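Asker: Given next are the chains, with one letter for each unit.
There are 6 protein chains.
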Amino acid sequence: MRPSGRDLSEMRPVSIETGVTKHAEGSCLIKMGDTHVICTASLEPRVPPFIKGSGLGWVTAEYGMLPRSTGSRMRREATTGKQGGRTVEIQRLIGRSLRAGVDRVALGERQISVDCDVIQADGGTRCAAITGGWVALRLAVNKLMKAGDVITDPLISPVAAVSCGIYAGQPVLDLDYPEDSEAGVDGNFILRGDGQLIEVQMSAEGATFSRDQMGTLLDLAESGVAQLVEAQKAATA
Amino acid sequence: MRPSGRDLSEMRPVSIETGVTKHAEGSCLIKMGDTHVICTASLEPRVPPFIKGSGLGWVTAEYGMLPRSTGSRMRREATTGKQGGRTVEIQRLIGRSLRAGVDRVALGERQISVDCDVIQADGGTRCAAITGGWVALRLAVNKLMKAGDVITDPLISPVAAVSCGIYAGQPVLDLDYPEDSEAGVDGNFILRGDGQLIEVQMSAEGATFSRDQMGTLLDLAESGVAQLVEAQKAATA
Amino acid sequence: MRPSGRDLSEMRPVSIETGVTKHAEGSCLIKMGDTHVICTASLEPRVPPFIKGSGLGWVTAEYGMLPRSTGSRMRREATTGKQGGRTVEIQRLIGRSLRAGVDRVALGERQISVDCDVIQADGGTRCAAITGGWVALRLAVNKLMKAGDVITDPLISPVAAVSCGIYAGQPVLDLDYPEDSEAGVDGNFILRGDGQLIEVQMSAEGATFSRDQMGTLLDLAESGVAQLVEAQKAATA
Amino acid sequence: MRPSGRDLSEMRPVSIETGVTKHAEGSCLIKMGDTHVICTASLEPRVPPFIKGSGLGWVTAEYGMLPRSTGSRMRREATTGKQGGRTVEIQRLIGRSLRAGVDRVALGERQISVDCDVIQADGGTRCAAITGGWVALRLAVNKLMKAGDVITDPLISPVAAVSCGIYAGQPVLDLDYPEDSEAGVDGNFILRGDGQLIEVQMSAEGATFSRDQMGTLLDLAESGVAQLVEAQKAATA
Amino acid sequence: MRPSGRDLSEMRPVSIETGVTKHAEGSCLIKMGDTHVICTASLEPRVPPFIKGSGLGWVTAEYGMLPRSTGSRMRREATTGKQGGRTVEIQRLIGRSLRAGVDRVALGERQISVDCDVIQADGGTRCAAITGGWVALRLAVNKLMKAGDVITDPLISPVAAVSCGIYAGQPVLDLDYPEDSEAGVDGNFILRGDGQLIEVQMSAEGATFSRDQMGTLLDLAESGVAQLVEAQKAATA
Amino acid sequence: MRPSGRDLSEMRPVSIETGVTKHAEGSCLIKMGDTHVICTASLEPRVPPFIKGSGLGWVTAEYGMLPRSTGSRMRREATTGKQGGRTVEIQRLIGRSLRAGVDRVALGERQISVDCDVIQADGGTRCAAITGGWVALRLAVNKLMKAGDVITDPLISPVAAVSCGIYAGQPVLDLDYPEDSEAGVDGNFILRGDGQLIEVQMSAEGATFSRDQMGTLLDLAESGVAQLVEAQKAATA
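From first to last, the protein sequence lines stand for chains A, B, C, D, E and F.
Position 80 of the first sequence, counting from 1, maps to 753 under the working numbering, and the rest follow consecutively.
Position 37 of the second sequence, counting from 1, maps to 710 under the working numbering, and the rest follow consecutively.
Position 27 of the third sequence, counting from 1, maps to 700 under the working numbering, and the rest follow consecutively.
Position 20 of the fourth sequence, counting from 1, maps to 693 under the working numbering, and the rest follow consecutively.
Position 72 of the fifth sequence, counting from 1, maps to 745 under the working numbering, and the rest follow consecutively.
Position 48 of the sixth sequence, counting from 1, maps to 721 under the working numbering, and the rest follow consecutively.
Check before you lean on any hint, since a few could be wrong.
If several chains are the same, the list does not tell them apart, and a pair holds so long as it fits within one copy or across any two.
[Said to hold, decoys possible] Straight-line C-alpha distance at most 25 angstroms; calculated DMTMM-like pairs for lysine to aspartate or glutamate: (1) 816 / 707; (2) 819 / 690; (3) 695 / 853; (4) 695 / 855.
None of these hints come from the bench; they were simulated from the model.
Everything numeric in this text was worked out from a predicted model, so none of it was measured.
Take the sequences, apply the hints, and build the full model.
Answerer: Next up, the structure:
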């Protein structure tokens with residue numbers, strides 16, 4: 674029934690290659706099927722004004738898409754003079770989600786900036802960005818710990834994200850672009866490795882959904898995130 | 674336990690005054706406690722390019738806050754040169770939510786723009802904007818139907834929104850600002866009058882939540898939205 | 674002869690309601706006929722760089738219109754990326770006019786920001802903004818004096834403004850929108866309560882005017898401002 | 674008493690050199706004392722949307738200052754990303770004033786853009802811009818008439834402008850920068866060659882003024898503009 | 674003598690991998706040492722206004738750097754509101770250079786947009802972008818020719834670029850970042866495969882250069898470009 | 674053969690008038706044929722952050738064109754919200770070129786800003802700007818030395834620029850606009866008075882060039898710059 678022939682609860686193949694750029698403190702290329710995202714974590718010399726002197730750390734994120742990561746070329750946001758609404762929403766989500774897995778006291782007063790740049794898009798780019806972004810963050814934090822700059826591990830639990838939706842009337846896991854563009858309801862679930870929910874974002878796009886369906890979608894999300902956390906652990910072992 | 678002395682499942686008083694500006698096709702001033710929002714619905718002569726010739730209608734929304742609607746004065750977005758990320762997120766949510774209650778074929782090829790301007794803020798402004806925005810939309814559509822420009826009612830069901838969150842470890846309904854600024858988890862539930870879910874947005878802010886808590890929050894939201902739909906019906910009767 | 678049936682020298686009804694928002698140090702809703710403006714005065718923690726260390730105070734103003742305050746919806750300035758030329762002109766005028774009634778030494782090194790937001794427009798919005806803005810300023814200064822932060826009253830005299838113009842060949846007072854859009858000459862007179870002139874702005878729009886007409890317009894303005902000052906005093910008594 | 678030693682009612686020397694750039698349809702360099710402004714009038718192939726098909730012409734203006742036209746270097750507006758409030762006000766004033774001397778029916782459906790660029794500033798740049806701008810406009814219209822593109826002269830009467838103010842308690846004519854920066858009250862009077870008033874803009878800057886003083890200022894302005902109109906006529910004879 | 678141990682006239686290893694994104698009509702990942710650039714060529718449905726109806730084609734280019742492609746994180750240009758001067762210069766150079774190898778009549782009235790995004794930077798990114806950009810363009814044109822949309826090959830000759838400079842007093846070929854940041858003179862030479870010069874850009878940065886040195890640099894550039902053209906041919910064979 | 678009737682190696686008449694604005698520390702009006710540029714050098718009270726505390730000086734430049742300096746009116750960059758790519762390229766070139774003739778230690782920690790504003794354009798504006806900009810810089814530095822603020826002359830050698838190109842198949846010197854708009858290859862050569870090269874920028878615009886032609890162009894440039902340096906010396910003697 675799904676365009677890709679996958680089962681309703683079947684994820685696309687996931688791969689995470691680390692160390693893809695020599696400059697960043699942490700980096701990876703995450704592939705969820707044909708969705709490819711480069712994630713880097715940069716230790717920044719400056720902290721935002723609102724944490725100065727607080728002793729607390731900060732993790733922030735930015736998101737971008739290469740102009741031809743998509744089926745037809747998009748305008749480059751740098752030439753339009755601003756980031757679009759969708760970009761702003763996504764990067765705020767990535768930052769908020771990653772922070773939910775961080776002990777900001779243990780991190781200490783420093784900022785880590787996570788950049789997620791989509792090289793090729795086929796649905797679920799924000800979920801790939803969060804999942805890969807956590808890997809880059811993990812690697813950067815490892816470096817800080819190895820150097821003795823951070824003593825207690827500030828990463829409480831892995832953070833991963835997966836999309837779910839209702840496609841052709843059926844709850845499905847990990848939508849690709851052909852599904853995403855047709856789904857009447859879709860959304861993103863961000864969970865920690867310990868099963869706690871961090872963020873739920875379900876949106877109707879021309880349809881609505883019932884509480885029962887909400888339950889099924891949560892089941893799918895839990896199963897998907899569990900697989901992603903395995904891949905994160907393998908990549909950062 | 675709540676700063677306002679309300680019960681965990683108790684809403685703030687709601688009032689909706691219609692016809693507050695003589696120019697708009699539909700308008701209201703909605704008050705949810707000390708959160709006051711002016712909502713107007715404007716019939717626009719032009720439709721966005723992507724629906725031209727489709728015969729389908731469009732509903733869009735914009736959101737703003739008066740600079741001193743808040744405890745300390747905010748910078749006016751018109752002077753900063755752009756709408757902030759929070760504003761963009763909120764107005765996209767309002768538009769998407771209202772469209773989920775609209776039969777775009779019945780509306781016909783026309784655009785209605787809903788403006789939600791916060792006069793005084795005390796938490797839950799986006800929920801008040803959606804709930805009041807629907808009232809303004811209802812009144813503007815009534816005008817179109819009375820004039821014979823629209824035959825079948827394009828409004829399928831009322832759309833209303835309420836915030837819920839976990840405050841001091843307890844799920845609570847309709848957070849005011851003192852609660853909102855302390856809650857470790859909070860979010861917004863947008864439902865139709867027939868009980869169908871349109872949008873769920875739960876975010877951790879320094880805490881996480883379990884599936885059980887998610888269930889309780891959904892219960893609270895359903896009860897809150899039911900009360901708001903009553904107020905919407907009374908205001909537009 | 675006037676569309677509203679008013680005499681040539683007759684003002685629209687004026688009302689000033691104070692305390693319309695709980696956050697601002699001073700606030701009012703001023704109505705000059707169908708022109709409704711919310712004015713707030715905010716005590717700002719910071720002063721502009723050019724007065725730092727001078728011991729002098731500063732009063733500044735910003736002006737905005739809700740998108741549907743007018744007959745047809747205007748674009749929201751926050752979405753266009755900048756304030757239009759008309760807005761910039763008006764808010765500079767409001768700030769300059771209010772400062773002309775302030776003893777900046779007595780105010781002390783602090784800034785008060787006056788925001789004037791038009792809820793409904795029917796001509797003369799900048800005059801209503803100045804007149805209502807002064808009321809908000811008065812209330813905020815009263816608060817400072819009550820708290821003992823300011824000892825000598827820094828408000829020398831009330832400041833109020835009224836529009837005049839030549840409509841259908843006749844000098845008229847307090848133009849509403851139907852008159853304003855037809856008048857060949859119109860302008861604004863800002864005066865202090867003691868009768869001194871602060872600002873005169875007369876513009877030809879397709880017509881010109883003689884020195885004699887200028888005299889008549891000044892007579893009208895003096896009579897109009899006197900009535901506004903009475904309303905200001907009543908509201909702040 | 675005046676820093677320059679001039680009498681209270683004495684203008685600075687005025688010179689107007691025409692034809693200063695080979696490309697523009699009309700151009701001049703106007704000098705009012707040490708204030709030097711290059712004015713060009715350009716016949717534009719396009720008209721603004723709001724006059725399309727109306728048969729009416731349009732005259733618009735833009736104003737700029739070279740960064741080092743002033744005592745200390747100003748930031749170039751092209752690098753700040755927008756024209757400042759003062760610039761916007763001035764160029765709107767120039768355009769409005771010039772249009773008050775134009776018969777838009779006689780001009781026919783075409784646009785003339787007047788650019789006024791300040792090479793050296795010493796007070797009164799906007800008045801020099803209006804006075805020189807009219808000369809450039811006159812020359813461009815002459816060209817149109819010579820070519821037979823315009824039959825009836827669309828320039829009803831010359832338009833010229835002069836500043837007046839109250840300096841050291843005395844009404845003075847044509848303020849230079851040292852006076853302008855000290856004057857408690859100053860403003861601009863734009864008149865037609867036939868003595869009709871087009872625009873009056875008097876502003877208090879830390880002082881106020883009486884009706885009597887307003888009369889004296891009008892007397893000075895009438896005398897000043899009469900001299901400028903002579904210079905305009907000589908330059909375009 | 675060179676930090677990398679290379680000979681004065683020795684290039685870094687070059688590799689060009691094609692087909693790196695499934696959406697673009699042509700794409701490659703070019704590596705010149707540690708400088709890695711993704712180049713895509715997109716066939717655009719629209720042409721710029723200035724070629725409409727001319728029958729001539731257009732090739733344009735855009736350039737970007739991932740924020741952490743460099744040693745320390747750069748601000749993302751999309752968040753600063755505009756492309757910096759360096760970016761604008763580079764992308765204009767890429768477009769101009771590629772067009773110098775295109776027969777615009779043979780291409781026909783269509784636009785190809787070449788995007789060059791730097792994944793990892795180590796000096797010479799603009800040269801890598803031109804060289805890789807031509808490969809992406811070649812592949813996209815091949816597709817057009819295979820589909821019969823273009824009959825005569827519009828690509829006259831390959832276009833490739835290499836940097837040269839004077840490092841520690843010696844003319845060197847293909848500078849990497851440690852050399853680039855120290856070189857007193859450096860620049861870029863863009864040539865066609867047939868040896869014709871397209872663009873020469875030599876700049877002093879704290880030093881100057883003689884005509885003799887200019888000759889040696891040209892020799893180096895010719896040898897470097899010959900090697901790059903071989904790599905281009907191998908990649909697109 | 675040249676539209677102007679000049680020989681292939683003949684420059685246009687050059688004149689340099691100094692002291693054209695009373696405010697700037699150095700200024701001139703340079704005319705290369707019908708290309709007229711006002712250049713000012715301003716001593717700035719502040720230095721850019723990257724030289725603070727270094728003891729080194731900085732020279733920067735900005736470039737602009739009056740809207741009607743060209744055959745048809747251009748949009749004013751201040752109204753478009755940003756400087757175009759061409760402007761940015763040119764002003765970076767001017768600054769870089771002038772700095773190549775400056776001993777930044779001798780200048781001491783101060784910034785000089787050179788503004789080059791084109792009053793009338795007929796090709797070669799950037800070369801006129803560099804040549805005239807150096808004159809303004811020379812005069813400003815003279816002032817610093819006279820005042821004893823700078824002891825050792827920081828200007829190593831004059832800096833001047835000339836354009837060359839291939840017009841109708843022939844290498845020509847100092848292109849005017851009719852040639853510039855037809856030339857298949859053109860560029861700019863910036864040299865010091867001692868004959869050292871500072872910058873070479875040759876670009877193909879629809880044609881290419883050989884190494885032999887490159888040699889001839891360099892010959893022409895050396896002869897042209899020698900004449901300009903004479904004019905610079907005469908003007909600043």
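Asker: Would you pick out the hints that fail for this structure and give their numbers low to high?
Answerer: Violated: none.
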